[in-house]
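J.: So the chains spell out like this:
Protein chains: 4
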Amino acid sequence: MSSSSIAPGDLVLLWAAGGREYFAVAGGDKLHTDLGIVDLKRLEGMEWGSTIESHMGKPFVVLKPRAPDFFKHMRRTGAPMMPKDIGAIIAYTGVGPSDVILDAGTGSGVLAVYLGTIAKKVITYESNEQFASNARKNIELAGLANVEVRHGDILLEMEKLEGPFDVVTLDMQDAAAVVPGALRVLRPGGFLAAYSPFFEQAAETRRAVERAGFSEADTIIVGEQELEVGRRGTRPSTRVGHTGFITIARK
Amino acid sequence: MSSSSIAPGDLVLLWAAGGREYFAVAGGDKLHTDLGIVDLKRLEGMEWGSTIESHMGKPFVVLKPRAPDFFKHMRRTGAPMMPKDIGAIIAYTGVGPSDVILDAGTGSGVLAVYLGTIAKKVITYESNEQFASNARKNIELAGLANVEVRHGDILLEMEKLEGPFDVVTLDMQDAAAVVPGALRVLRPGGFLAAYSPFFEQAAETRRAVERAGFSEADTIIVGEQELEVGRRGTRPSTRVGHTGFITIARK
Amino acid sequence: MSSSSIAPGDLVLLWAAGGREYFAVAGGDKLHTDLGIVDLKRLEGMEWGSTIESHMGKPFVVLKPRAPDFFKHMRRTGAPMMPKDIGAIIAYTGVGPSDVILDAGTGSGVLAVYLGTIAKKVITYESNEQFASNARKNIELAGLANVEVRHGDILLEMEKLEGPFDVVTLDMQDAAAVVPGALRVLRPGGFLAAYSPFFEQAAETRRAVERAGFSEADTIIVGEQELEVGRRGTRPSTRVGHTGFITIARK
Amino acid sequence: MSSSSIAPGDLVLLWAAGGREYFAVAGGDKLHTDLGIVDLKRLEGMEWGSTIESHMGKPFVVLKPRAPDFFKHMRRTGAPMMPKDIGAIIAYTGVGPSDVILDAGTGSGVLAVYLGTIAKKVITYESNEQFASNARKNIELAGLANVEVRHGDILLEMEKLEGPFDVVTLDMQDAAAVVPGALRVLRPGGFLAAYSPFFEQAAETRRAVERAGFSEADTIIVGEQELEVGRRGTRPSTRVGHTGFITIARK
Chain B
1 MSSSSIAPGD LVLLWAAGGR EYFAVAGGDK LHTDLGIVDL KRLEGMEWGS TIESHMGKPF
61 VVLKPRAPDF FKHMRRTGAP MMPKDIGAII AYTGVGPSDV ILDAGTGSGV LAVYLGTIAK
121 KVITYESNEQ FASNARKNIE LAGLANVEVR HGDILLEMEK LEGPFDVVTL DMQDAAAVVP
181 GALRVLRPGG FLAAYSPFFE QAAETRRAVE RAGFSEADTI IVGEQELEVG RRGTRPSTRV
241 GHTGFITIAR K
Chain U
1001 MSSSSIAPGD LVLLWAAGGR EYFAVAGGDK LHTDLGIVDL KRLEGMEWGS TIESHMGKPF
1061 VVLKPRAPDF FKHMRRTGAP MMPKDIGAII AYTGVGPSDV ILDAGTGSGV LAVYLGTIAK
1121 KVITYESNEQ FASNARKNIE LAGLANVEVR HGDILLEMEK LEGPFDVVTL DMQDAAAVVP
1181 GALRVLRPGG FLAAYSPFFE QAAETRRAVE RAGFSEADTI IVGEQELEVG RRGTRPSTRV
1241 GHTGFITIAR K
Chain R
2001 MSSSSIAPGD LVLLWAAGGR EYFAVAGGDK LHTDLGIVDL KRLEGMEWGS TIESHMGKPF
2061 VVLKPRAPDF FKHMRRTGAP MMPKDIGAII AYTGVGPSDV ILDAGTGSGV LAVYLGTIAK
2121 KVITYESNEQ FASNARKNIE LAGLANVEVR HGDILLEMEK LEGPFDVVTL DMQDAAAVVP
2181 GALRVLRPGG FLAAYSPFFE QAAETRRAVE RAGFSEADTI IVGEQELEVG RRGTRPSTRV
2241 GHTGFITIAR K
Chain V
3001 MSSSSIAPGD LVLLWAAGGR EYFAVAGGDK LHTDLGIVDL KRLEGMEWGS TIESHMGKPF
3061 VVLKPRAPDF FKHMRRTGAP MMPKDIGAII AYTGVGPSDV ILDAGTGSGV LAVYLGTIAK
3121 KVITYESNEQ FASNARKNIE LAGLANVEVR HGDILLEMEK LEGPFDVVTL DMQDAAAVVP
3181 GALRVLRPGG FLAAYSPFFE QAAETRRAVE RAGFSEADTI IVGEQELEVG RRGTRPSTRV
3241 GHTGFITIAR K
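Chains as they are written, first to last, in this note's numbering: chain B, 1 to 251; chain U, 1001 to 1251; chain R, 2001 to 2251; chain V, 3001 to 3251.
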């Protein structure tokens, strides 16, 4: 099965009782935590899932971090796209390990990180320099060398891009303006996915997609409700996830 | 960017005007279609996205097939899991290219194929021999050598499995009975995702997850509605996707 | 309890096995049906819920018709407002038997009929003469003398109305234009309810309500899903009711 | 139009700037408020919607209270049924001014009060004496002499009831057990509406309805989402109303 011993440079998640979690790199320096100092050199050769102790004798389970861990620990500069929407984009565009993806605007980098855990390469544009800088830190935290954040205006920069990209993802106010360029840089059969929090924007993007000449297009709303399973019975929760609209189009 | 010329053995999707689509293998024999015969040898060295003609002069665009293409063309032995639910499972469990995944029951193989386009290895169990055989054909169609369909009862077979698996996915009536075994074969920090079409089954699975001792658990309903963007205005469609319940739990 | 014998002039619903239903007036002429002729004079003095036979000996249960019967039997000139939306309007505006209500556009008259079964008086405007004429027939079928259909443009006619109305209901494309006049003719504390099938129209109406100076406003989407209760389990249906947006505002 | 001057004994709602509201009876004693004392004798003969001042010169608009006012001001002994669900019950059963309705369990009396603002008579059973007493106060506040709260177990008391009732409404855990008796006391063509917060209970009630021999049955989930209309655009809110299941059946 999958290799279960830790190599130098591997990103690890140290999990302590009570919900404290720390990202670290195996073979690195000492990690200072509220529960004492952990010697990261000692992680090399350990089995994933085994336990390491701090100098105070506090135990940490050593986990291989997964995308939901990055999602949870990323520093957010705005409301991030939610996993239900990220999942719908991945499934409807069919993101896979050989894909080269163009993304804009990066925001906190949540979508770029998720895509980066699967795809070969992700190039993501963010026009706000502070957001771009924060996203770079989030991507570094996730140890994703294949995700590149570029500070700039995708509308201007796109003309210099050649592609072909397998997938283009957009989460920005002016998505409609970027649609014709997205069609140009996409590989035939490649997919565009544009996320819009507002109806007006979703309708505008969808119309831009139809004008641009994509071969297929759908706009969907993905809802999510928790099911509360209690002693008295089972019922949907009254909280729902933040809702947006996703336009999926194929070249 | 990603390599754009076709090698022998590559799976291709031939796309003709009017919606006719054919899967084929580059370098293979001749493909007989309603629009004439296509010489698959000639695909070698062509660029992805270029056009090949049948002996009748009918053009086909040559596409690199993606997961939604497999979803569309798989022969179904029952109601398949829908992309919105597959996407939620991928995003909430964080499926990535290094993952080894255990899946049961296979059904038509829709989930296994989607997982197989991303993960390193998928082992999927199906107790119905006819379904298993059909799923194998679907997986062959998708060219996924890393997805293995096993005919058998997961409840019995699981004891022989060692794991560790990064993710376990279940889409079967007796999911609750499989939950304790799933916990055993999961890697620490790994995820279980169990899909249930009925409330009763969802509640039972969720209770089994809590009894088994997973560290986190949520049960969600993922809804999907199309947004109709017409000349008179924009509104949600009255069709909704088939709805199920997904229990996500972490070891 | 409520009087249970039938008086001349009472509207009755004759219910035959196999789903055949006929509206009739007690004390009227003979009713010709597929199951023979029913002598409507004989209905006088019968108990509600008893059975009357046609000249061919076929039995009909004699029911007091209710609003859902009118809804089912009205001739429709377009997609009618659905009971879930009608119910939300009734509950959020608090329609009661002393209310005088202004309604526009009538359409098939579904909302006007529902309101007419509860309120003291309903005046409803329809600009399309054919629709107005069809609605009058539907209202006559329902035996509602308190519902008056006026053919005309509510925007022009409203200036001649004095009110005060307890409730104003709008189901028309230009609802936003009618909002200021609605505020004028409403009694203080009275409610406006405007139904919009499209987002654009809903947003426009809501903005008009806020500009006009109503004291409270909410726009809601009311969804409805059937619960399928089968032998294998319970689950939401994949059909959903036609969805619209309702803006409720109070003077 | 509707009479617009206030008679002695009329229930009024006094509305002050800043959201302060008081129920009072025209012709009654003096009302002590945070904004001074209001002489209720002076309300007689005033127009609805006019303004009365307290002894401190603070103005109150005099409104005719409507069902949503009662809903807002009732003292709650548990989670009340929401207007969207109340509206669906009214519309699907066709509640009108000639109806005699049987209701159980009363809870805070929210449904009984709503039904009482429309129907001729409502008899409502509550097994918890404290709840029954609180509901009586809520009904008195709403000035509804036609709503009678009975403290007792509907299962036992039902045998003594003759009916016929036009509508029976149930909001209680053991609704399924009451279903056969409800069928007996309903007028032919009359409706049962049973509200269940949990799936298990909804399925049980629906099965009881089918066993009992009602002629039609549906179970629905009514959802409600607010539409947020802001400067940047329009989108559904992430809050949804408390969701329950309503089984509607016809005798």
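Treat the hints as calculated values from the structure; they're not laboratory data. Wrong hints could be hidden among the right ones.
[Claimed, not checked] A short, non-exhaustive set of chain U residues, derived as facing chain V with CB atoms under 10 Å:
id, residue
1, E1129
2, F1131
3, A1203
[Said to hold, decoys possible] Here are the in silico distance ranges between beta carbons for each label pair:
id, chain 1, residue 1, chain 2, residue 2, range
4, U, N1128, V, D3218, 31 to 41 Å
5, R, R2231, V, S3237, 43 to 53 Å
6, B, R75, U, E1216, 15 to 25 Å
7, R, S2098, B, S215, 58 to 68 Å
[Stated by the list, open to error] In silico PhoX-like cross-links for lysine-lysine, where the CA-CA straight-line distance does not exceed 20 Å:
id, chain 1, residue 1, chain 2, residue 2
8, V, K3120, R, K2120
9, U, K1041, U, K1030
10, B, K121, B, K137
11, R, K2121, R, K2058
12, U, K1072, U, K1137
13, U, K1072, B, K120
14, V, K3120, R, K2121
15, R, K2072, R, K2030
16, U, K1137, U, K1160
17, B, K58, B, K41
18, V, K3121, V, K3058
19, U, K1041, B, K121
20, U, K1160, U, K1121
21, V, K3041, V, K3058
22, R, K2120, V, K3121
23, R, K2058, R, K2072
24, V, K3072, V, K3160
25, B, K120, U, K1121
A quick note: this is a predicted structure, and the numbers were derived from the prediction, not measured. Glycine included, every Cβ here is placed at the ideal spot set by N, Cα and C.
J.: Now tell me, hint by hint, if it's right for this structure.
T.: Cross-check of the supplied hints:
The closest approach between the C-beta of E1129 of chain U and any C-beta of chain V is roughly 33 Å, which is over the 10 Å cut-off, so the hint fails. Interface hint at F1131 of chain U: violated, since its Cβ lies 28 Å from the closest Cβ of chain V, which is beyond the 10 Å cut-off. Of the supplied interface hints, the one on A1203 of chain U holds, with its beta-carbon coming within about 8 Å of a beta-carbon of chain V, less than 10 Å. One distance hint, 31 to 41 Å for the beta-carbon pair N1128 of chain U and D3218 of chain V, holds here, with the actual separation near 34 Å.
The beta-carbon spacing between R2231 of chain R and S3237 of chain V, approximately 37 Å, falls outside the hinted interval of 43 to 53 Å. With their beta carbons about 22 Å apart, R75 of chain B and E1216 of chain U fall inside the hinted range of 15 to 25 Å. The hint said 58 to 68 Å for the Cβ distance between S2098 of chain R and S215 of chain B, and at roughly 59 Å that hint holds. Pair hint K3120 of chain V plus K2120 of chain R holds up; C-alpha atoms about 14 Å apart against a cutoff of 20 Å.
Between K1041 of chain U and K1030 of chain U the CA atoms are separated by roughly 8 Å; this keeps the pair inside 20 Å, and the hint holds. For the hint linking K121 of chain B to K137 of chain B, the alpha-carbon distance of about 17 Å falls within 20 Å, and the restraint holds. The hinted pair formed by K2121 of chain R and K2058 of chain R fails the criterion: a straight-line CA distance of about 39 Å is larger than 20 Å. For the hint pairing K1072 of chain U with K1137 of chain U, the CA-to-CA distance comes to about 14 Å; that is within 20 Å, so the pair holds.
Proximity of K1072 of chain U to K120 of chain B is assessed by CA-CA distance (about 25 Å); at most 20 Å being required, the pair is judged violated. Distance check on the hinted pair: K3120 of chain V and K2121 of chain R sit about 18 Å apart at the alpha-carbon level, within 20 Å; holds. Distance restraint check for K2072 of chain R and K2030 of chain R: the Cα-Cα separation of roughly 23 Å exceeds the 20 Å cut-off, and the hinted pair is therefore not satisfied. The suggested pairing of K1137 of chain U with K1160 of chain U is violated, with an alpha-carbon distance near 26 Å, which exceeds 20 Å.
Note on K58 of chain B and K41 of chain B: the hinted pairing holds, with a Cα-Cα distance of about 17 Å set against a maximum of 20 Å. Between K3121 of chain V and K3058 of chain V the alpha-carbon distance is near 39 Å, which puts this suggested pair outside the 20 Å criterion. At roughly 30 Å between alpha-carbon atoms, K1041 of chain U and K121 of chain B are farther apart than 20 Å, so this suggested pair is violated. A hinted pair counts as satisfied when its Cα atoms are at most 20 Å apart, and K1160 of chain U with K1121 of chain U qualifies at roughly 18 Å.
A hinted pair counts as satisfied when its Cα atoms are at most 20 Å apart, and K3041 of chain V with K3058 of chain V qualifies at roughly 17 Å. In summary, the hint linking K2120 of chain R to K3121 of chain V is supported, as the alpha carbons are separated by about 18 Å, within the 20 Å threshold. Between K2058 of chain R and K2072 of chain R the alpha-carbon distance is near 23 Å, which puts this suggested pair outside the 20 Å criterion. Distance restraint check for K3072 of chain V and K3160 of chain V: the Cα-Cα separation of roughly 35 Å exceeds the 20 Å cut-off, and the hinted pair is therefore not satisfied.
Distance restraint check for K120 of chain B and K1121 of chain U: the Cα-Cα separation of roughly 18 Å lies within the 20 Å cut-off, and the hinted pair is therefore satisfied.
When held up to the earlier numbered hints, the structure conflicts with 1, 2, 5, 11, 13, 15, 16, 18, 19, 23, 24 and fits the remainder.
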